[in-house]
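A.B. asks: As a plain string of letters, each chain reads:
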Amino acid sequence: MTGYILKRLLSAIPVLFGITVIVFLIMALIPGDPATAILGSYATPENVEKLNRDLGLDKPLVAQYFIWLGNMLQGDFGQSFALNRPVIDEVLERFNATLILAGTAFVLCSVFGILAGVVSAAKQYGLADKGITFAVLLGISIPSFFLGMMMILIFGVNLRWLPVSGMYAIYGGGDLPDLISHLIMPALALAVVATGVVARLSRSAMLEVLRQDFIRTARAKGVSERGVIWRHALKAAMVSIIPVLGIQAGFVLSGAVYIEMVFQWPGVGRMLVDAILKRDILLVQGGVVFVAACYVLFNILVDVAQSLLDPRIKT
Amino acid sequence: MSAFFRLLARNRLALWGGIVLVLVVFLALITPLLPLADPDVTDTANRFLPPFSEGAFLGTDHLGRDLLSRLMWGTRLSLAVGFSAAVAAATIGAAIGIVAGFYGGRTDNVIMRGVDMLMAFPYILLALAIVAALGPGLMNALIAVAAVNVPFFARNIRGITVGIAHKEFVDAARLAGMGNGRIILTEILPNVVPVIVIAMSTTIGWMILETAGLSFLGLGSQPPQADLGSMLGEARSALITNPHTSVVPGVMILVIVMSINLLGDGVRDALDPRLKSGALSRPMPATLVDRRSVPEAGKGDGILALQDLETQFHVKDRVYKAVGGVSLTVHPGECLGIIGESGSGKSVTALSVMSLVASPPGVITGGAVRYKGEDLIGAPYAKLRSLRGDRVAYIFQDPLATLHPLYKVGDQLVEAIGCHHDVSSAEARSRAIDLLKSVRIPNAESRVDSYPHEMSGGMRQRVGIAMALANEPDVIIADEPTTALDVTVQAQILALLDDLRKARGLAIVFITHDFGVVAQLCDRVAVMYAGRIVEEGPTGAVLATPAHPYTKRLIACVPELGEGRRELAAIPGLPPVVDKLPEGCAFAERCHKARNDCRRGNIPLEGPAEEARRVRCLYPENERMAEAVSS
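Chains as they are written, first to last, in this note's numbering: chain A, 1 to 315; chain B, 1001 to 1631.
Next up, chain A with everything else stripped away, as it sits in the complex:
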């Protein structure tokens, strides 16, 4: 198993490399003089020249890339001019908040998505199936930012059950219950679409598996219907559900940007939008590379989970 994890880690290196190339190329699309774009139109010529030297913008593109990559490998993602602090510090701080939000949403969408899919498949064409199918359709069609706004309106403003913005109360907050009460609405709003996608796929994966011969074998053995569904069918269906969970992890991680805007959550997504509007290019660059790299590493975890589930995968 250790060998397999190592192998997967090694195979992630070219992907990570590719990600930096893509981000670098996208940033090379910036029209006009990058230094002016980065520093804004009020930059003094000295500042522009200094930045050009720092970024190596006077050098050829390939050299620029390797300078940038080399700096990043040493943990130097550059300096955010708008915030006047190192990019990496800001990203790490914000990523923490995003991780709490997206992680919670990921757990919610996995648990409820699979649960709904299994129940839906087990009661195919029944009332529960129809109800779940409709809810799923609604869930994958509603824009998460609109859903979040409606939640604020109903549960925050009208019913006054939950706080409507931020991660902690400004006065006297900071403990876990405070965090949870702030987390409930954004995490739910973020999880809804992903839950719908997972539920849909789980349902069809379960229906596919329930027709297999080994399910009939289980029934012929006298396994209870509950055992057939949860032990036999779900385990086999997980083989096709797990990759979708990996995709949904990327969805909640990046889709968090909308929710962070709606709920004023101090995460990476909101930081990126602010940075884009302020043309704080180095912050965008650093943030995107960092989050994408984390996602690639997470997908290795997904592969490992898959290999633990399915002995047919060579490890």
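Be aware that one or more of the hints could be misleading.
[Stated by the list, open to error] In the BS3-like style, the derived pairs of lysine-lysine whose C-alpha atoms are separated by at most 30 Å in a straight line are: (1) A:235 / B:1383; (2) B:1593 / B:1321; (3) B:1316 / A:130; (4) B:1316 / B:1580; (5) B:1593 / A:235; (6) B:1408 / A:123; (7) A:123 / A:235; (8) A:7 / A:235; (9) A:314 / A:50; (10) B:1502 / B:1437; (11) A:123 / B:1593; (12) B:1316 / A:123; (13) B:1580 / A:123; (14) A:314 / B:1437; (15) B:1408 / A:314; (16) A:235 / B:1408; (17) B:1321 / B:1502; (18) B:1321 / B:1383; (19) B:1408 / A:7.
[What the hints assert, rightly or not] Below, a sample of chain A positions facing chain B; criterion: calculated Cβ distance under 7 Å: (20) 22; (21) 71; (22) 145; (23) 183; (24) 184; (25) 223; (26) 232; (27) 284; (28) 291.
FYI, nobody ran anything at the bench for these hints, they're computed from the structure.
These numbers were taken from a predicted model, which means no experiment stands behind them.
We put the CB at the ideal spot given by N, CA and C, even for glycine.
Could you slot chain B onto chain A? The hints should help.
C.D. replies: Just chain B now, with coordinates in the frame of chain A:
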């Protein structure tokens, strides 16, 4: 094509989705012609008018602009942007996919690596990076959304193209001297267009959502121009005081995306042939039972007795009579063979015993299955479950498909025991090892921890037998257990079953299409054809002097030692389709002895009173039977 639209129209949700979508698109198209207020004229005196105000049906926004007008213009813009993004992504993605799939080799490798890299990004993040470089704006948002969806199309279309690129008609075009460009345009493209359309129908909703999302963040359309997303974004600051300004555009996005999704699902379902036959239905725990009457209990001599069993498959309006009135009895220690071609209903008969026929579409429509005199058809599920695997066990064909691929064989044996006996896990495990030893699996102690895919076909079949023996059942129903195995392994398995029968007094129902196997193992044999038994009797007698022409022809198909192996298909013609069974004898069409009266009425299964042989034929091949039948 018309069949496709009929299927689509039958799906009521998809129909509604389609109607709503057409309506929204139509209204968006004629928006410039409608008598609406100018969407960009501000009127600060009339800010935040509530809906249904005079002159403003949906009220006004924070600058006093007419919301209805802005909604219609915003919808128009959102639809246009979403649709353009989908077309752009589909065109570029398809082009990349076709090139990669058609040229293959290094071109394919390089392109697909790049696509994989792009797919490694969480994709809203990638869209943000592109907007960051290009700067906020609706056109840039469109480019970003299209760009992040290109890999999806490229990968899908490449897969399809690879399949087509090696088809005969492409080779033919190449031999005809067509250039690659022309082959792509005239041979490949027409075949991938349907796939592109389907992929678009499933992604266009997403693209509308994503562009709306970017606009919502302030990165898409810039004031005063507004799509639905930026309307929602602008309304956010007034969410608490004037929620209607948020609800109006939000609900519109929901309506559009939902109707597209409904329609898209309908299109996919209508194109997916598996759903047409209802094959994706989940089989229920026990076969459906729909019997008019229950036959009286017979003399009750056998441990398992089937009486006039009828099992059908109901698919849409068609009724397939897979089993049409089968009566069989098996005694303890006896082996009964059921033989017939594939499709003769022998497996369905076997599965009906414990109500294991997949339902839907299977329905047991008549007869009874008596275990020790008690009818199991329509018995409560709890009763069936307590007998399944405990008193009546199955051995199935193809153990690679019939064993669970993700559990160790030992665990599957332990489960079989645990279903019916309350034993500790250590005890169950040692019992599992004993079972593996009893079916002569070498190194049972280590094999118990193997997964099915780590074993050979013969070993897996032994595991299947061990599982059937786990609870020392009274009856084993073996459904072609040796068909997938080579001859030496087959002989070993048969010898094993025979030993077990003699040692434990098992009753075995052995289903096969191989008379050689029947001769080796079975005391009695029943020959099935088109869902009915056509001949039954002691194996030796039936083999020596077959009475039914079908049996005779079947036996003639069995190869003699030293001759080549011939197949049963040596009988000319095919068995009848069981949804349109002919009157009279089902074999008449293929029978050289058939006369006119063979094609009339119901031919009974009968034989001489003093012998245990019966035949369903008016003109049997053997004289004693012929006498009995004609009397």
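A.B. asks: Decide, hint by hint, whether the structure agrees.
C.D. replies: Structure-based check of all given hints:
1. A:235 / B:1383: Roughly 27 Å between the alpha carbons, so the hint for residue 235 (chain A) and residue 1383 (chain B) holds.
2. B:1593 / B:1321: Holds, at about 25 Å.
3. B:1316 / A:130: Status holds; Cα separation ~21 Å.
4. B:1316 / B:1580: Distance ~15 Å between residue 1316 (chain B) and residue 1580 (chain B) Cα, so the pair holds.
5. B:1593 / A:235: violated (55 Å)
6. B:1408 / A:123: holds (29 Å)
7. A:123 / A:235: Given that 30 Å is the threshold and the Cα spacing comes to 18 Å, the pair holds.
8. A:7 / A:235: holds (25 Å)
9. A:314 / A:50: Violated - the C-alpha atoms of residue 50 (chain A) and residue 314 (chain A) are around 52 Å apart, more than 30 Å.
10. B:1502 / B:1437: Holds: residue 1502 (chain B) and residue 1437 (chain B) sit about 18 Å apart, inside 30 Å.
11. A:123 / B:1593: violated (52 Å)
12. B:1316 / A:123: Given pair residue 1316 (chain B), residue 123 (chain A) holds - Cα atoms ~21 Å apart, limit 30 Å.
13. B:1580 / A:123: Given that 30 Å is the threshold and the Cα spacing comes to 33 Å, the pair is violated.
14. A:314 / B:1437: Holds, at roughly 29 Å.
15. B:1408 / A:314: At roughly 16 Å apart (the allowed maximum being 30 Å), residue 314 (chain A) and residue 1408 (chain B) satisfy the hint.
16. A:235 / B:1408: holds (13 Å)
17. B:1321 / B:1502: violated (36 Å)
18. B:1321 / B:1383: holds (27 Å)
19. B:1408 / A:7: Between residue 1408 (chain B) and residue 7 (chain A) the Cα gap is close to 26 Å, so the pair holds against 30 Å.
20. 22: holds (6 Å)
21. 71: With Cβ-Cβ at 19 Å, over 7 Å, it is violated.
22. 145: Where the cut-off is 7 Å and the nearest Cβ of chain B is about 5 Å from residue 145 (chain A), the hint holds.
23. 183: Not OK, violated: residue 183 (chain A) not within 7 Å of chain B, min 20 Å.
24. 184: Because about 18 Å separates residue 184 (chain A) from the closest Cβ in chain B, which is outside the 7 Å limit, the hint is violated.
25. 223: Because about 6 Å separates residue 223 (chain A) from the closest Cβ in chain B, which is inside the 7 Å limit, the hint holds.
26. 232: Check passed: Cβ of residue 232 (chain A) comes within 6 Å of chain B, closer than 7 Å.
27. 284: holds (4 Å)
28. 291: Holds, because the Cβ-Cβ distance from residue 291 (chain A) to chain B comes to roughly 6 Å (cut-off 7 Å).
Checked against the numbered hints above, the structure breaks hints 5, 9, 11, 13, 17, 21, 23 and 24 and satisfies the rest.
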